[in-house]
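Starting from the given sequences, assemble the full structure and let the hints guide the process.
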Amino acid sequence: MNPKGFKAKELLSQYEIENIIRDCEWKDDVSESPKQVKSKEEILEEFEDVYHELMLDKEKPVLVFDTCIHSGNSLSPVKKTLEQAGFSNIKIGAVNPVDDYSKVNTDFYITKKEPEKGCYPFDRDRIIEKTFDHVYSQKTQNLQKRERSILLRKEIKRIMGDFLKQDNN
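Sequential numbering of the sequence shown, starting at 1, is according to my numbering.
Hints were generated in silico from the structure; no laboratory data involved.
Some clues are possibly wrong.
Claimed, not checked - List time: in silico SDA-like cross-link candidates among lysine to any residue, alpha-carbon distance up to 20 Å:
id	residue 1	residue 2
1	K91	S74
2	K40	D133
3	K27	S137
See below:
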């Protein structure tokens with residue numbers, strides 16, 4: 001899922017939209033216009049259309065996992081959309097514990113180790129482009145970003161494997 005695609009224009013001021021766009025430029029994400037921000041209704045409609053198979057199992061638990069959660073500003077709209085769509089058993093996971101002031105709490109995290117590179121434990125995942133256009137993620141066409149992300153995903157897979165082995169012991 002693309003957390004930026006869940007941000008509804010009714011819930012954001014023009015200033016907040018501009019800050020999100022500036023932040024994306026700093027993160028080397030795709031440039032876009034404030035006009036691309038969707039309404040809550042458009043977001044829910046797209047979610048139900050794109051994730052129609054998930055919609056068939058609303059009574060089952062849903063896990064939303066993020067590499068890091070600070071304010072909860074990215075993940076909160078995702079959780080609210082899931083709730084609006086009728087999901088009641090939503091579990092939140094992250095690599096590290098959430099910050100004390102977060103709008104979203106985790107049900108679990110896999111390490112207390114401090115992030116080494118900014119807010120991400122391993123650096124940013126650049127294999128997807130985060131845009132206002134869609135609730136789903138799209139692969140980047142930038143080969144350098146893709147190569148870095150492949151290495152990142154291998155590292156995350158290794159760490160998750162180690163975590164699961166510890167949990168089974």
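We went through each hint and held it up to the structure:
no., hint, verdict
1, K91 / S74, "holds, 16 Å"
2, K40 / D133, "holds, 13 Å"
3, K27 / S137, "holds, 16 Å"
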